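Position chain B relative to chain A; hints supplied.
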Amino acid sequence: DVKVTQSSRYLVKRTGEKVFLECVQDMDHENMFWYRQDPGLGLRLIYFSYDVKMKEKGDIPEGYSVSREKKERFSLILESASTNQTSMYLCASSPRQGTLAGGIVPYNEQFFGPGTRLTVL
Amino acid sequence: AQSVTQLGSHVSVSEGALVLLRCNYSSSVPPYLFWYVQYPNQGLQLLLKYTSAATLVKGINGFEAEFKKSETSFHLTKPSAHMSDAAEYFCAVSFSGTYKYIFGTGTRLKVLA
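The listed protein sequences correspond, in order, to chains A and B.
The first sequence begins at 1 in the working numbering and counts up one residue at a time.
The second sequence begins at 1001 in the working numbering and counts up one residue at a time.
Okay, chain A solo, but in the shape it has when bound (with noise of 0.2 Å):
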């Protein structure tokens, strides 16, 4: 069975903080991504990483910067945590999307980790 898990369920920071969310998965995938939940918003991307030290900015990524130094590990990291960024975190992870005809083809679903409820005071 594929495993995404993250470092912390719950965790309550103090505005201005640095925070470090981690994310690691056991199968071997190339692909790894950072979401948030919000009631009402569903999720939304954050950053993902689709080789060890590459990554792309998703929809919403003012004020989060991310890091992958290992295949199997992808650290989110609010640099100074602010109270709009309370929210549940999600991480996830799939394998190297298939190919056609040389484009890639995302038909491989993500597999994601239990999240982490941010709280930001």
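What the hints contain is simulated information worked out from the structure, not anything from laboratory work.
Remember, it's a predicted structure, so these values are computed and weren't measured experimentally.
Quick reminder that beta carbons are idealized off the backbone N, C-alpha and C, glycines included.
Any given hint could turn out to be false.
[Unchecked claim] Label-pair distances were calculated between CB atoms; the ranges are:
| no. | chain 1 | residue 1 | chain 2 | residue 2 | range |
| --- | --- | --- | --- | --- | --- |
| 1 | B | 1061 | A | 15 | 37 to 45 Å |
| 2 | B | 1040 | A | 5 | 14 to 22 Å |
| 3 | B | 1108 | A | 10 | 32 to 40 Å |
| 4 | B | 1068 | A | 57 | 32 to 40 Å |
| 5 | A | 71 | B | 1040 | 25 to 33 Å |
| 6 | B | 1083 | A | 54 | 42 to 50 Å |
| 7 | B | 1077 | A | 39 | 21 to 29 Å |
[Said to hold, decoys possible] Straight-line C-alpha distance at most 30 Å; calculated DSS-like pairs for lysine-lysine:
| no. | chain 1 | residue 1 | chain 2 | residue 2 |
| --- | --- | --- | --- | --- |
| 8 | A | 71 | B | 1110 |
| 9 | A | 3 | B | 1100 |
| 10 | A | 53 | B | 1100 |
| 11 | B | 1049 | A | 71 |
| 12 | A | 18 | B | 1100 |
| 13 | A | 57 | B | 1049 |
| 14 | A | 55 | B | 1049 |
| 15 | B | 1100 | A | 57 |
| 16 | A | 55 | B | 1100 |
| 17 | B | 1069 | A | 3 |
| 18 | B | 1110 | A | 3 |
Structure of chain B alone, referenced to chain A:
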């Protein structure tokens, strides 16, 4: 722009009744479509996916979904609801040429005894 819409943020059904959760997408290229379920305090897990093979897709826990290109829909159904189906359900879409997945805003299913 490519997008996915889930109609109804909350749906209530009686135990034993039909479950129908709606998902529509907007795209000019063929989509890959997914339904995920999220139980309280857990991450998302895959129910089923459409990847251009059969238009009627069967998933886990008795769920199925039908891809209808003419209606740009991928509605999720289950003939008979069970109490354990109470959860939040997300429709997601992806497209060739991108690593990204677009998620709907979710539908919370409540099952009444």
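Assessment of proposed distance window 37 to 45 Å (beta carbons of residue 1061/B, residue 15/A):
For residue 1061/B and residue 15/A the Cβ distance comes to about 42 Å; the hint holds.
If you check the beta carbons of residue 1108/B and residue 10/A, does the distance land in 32 to 40 Å?
21 Å, violated
Against the 30 Å threshold, does the CA-CA distance of residue 18/A and residue 1100/B hold or violate the hint?
27 Å, holds
30 Å limit on alpha-carbon distance, applied to hinted pair residue 53/A and residue 1100/B:
Holds. Residue 53/A to residue 1100/B sits at ~18 Å (cutoff 30 Å).
Hint check: residue 1100/B vs residue 57/A, CA-CA at most 30 Å. Holds or violated?
It holds: about 10 Å lies between the C-alpha atoms, which stays within 30 Å.
Given the hint that residue 1069/B pairs with residue 3/A, does the C-alpha gap stay at or below 30 Å?
Judged against 30 Å, a Cα distance of about 34 Å means the pair is violated.
Residue 57/A paired with residue 1049/B [C-alpha distance capped at 30 Å]
Between residue 57/A and residue 1049/B the Cα gap is close to 25 Å, so the pair holds against 30 Å.
Given a hint of 21 to 29 Å, does the C-beta separation of residue 1077/B and residue 39/A actually sit inside it?
Given about 25 Å between the Cβ atoms, the range holds.
Would you check the hint for residue 3/A and residue 1100/B, treating anything up to 30 Å between C-alpha atoms as holding?
21 Å, holds
Go ahead and decide if the range 32 to 40 Å is satisfied by the Cβ distance of residue 1068/B to residue 57/A.
This hint holds: roughly 33 Å between Cβ atoms.
Take the C-alpha atoms of residue 55/A and residue 1100/B, compute the straight-line distance between them, and say whether it is at most 30 Å.
Status holds; Cα separation ~12 Å.
Is the hinted pair residue 1110/B and residue 3/A satisfied, with a Cα-Cα distance of at most 30 Å?
Holds - the C-alpha atoms of residue 3/A and residue 1110/B are around 28 Å apart, at most 30 Å.
When each numbered hint is compared with the structure, violations occur for hints 3, 8 and 17.
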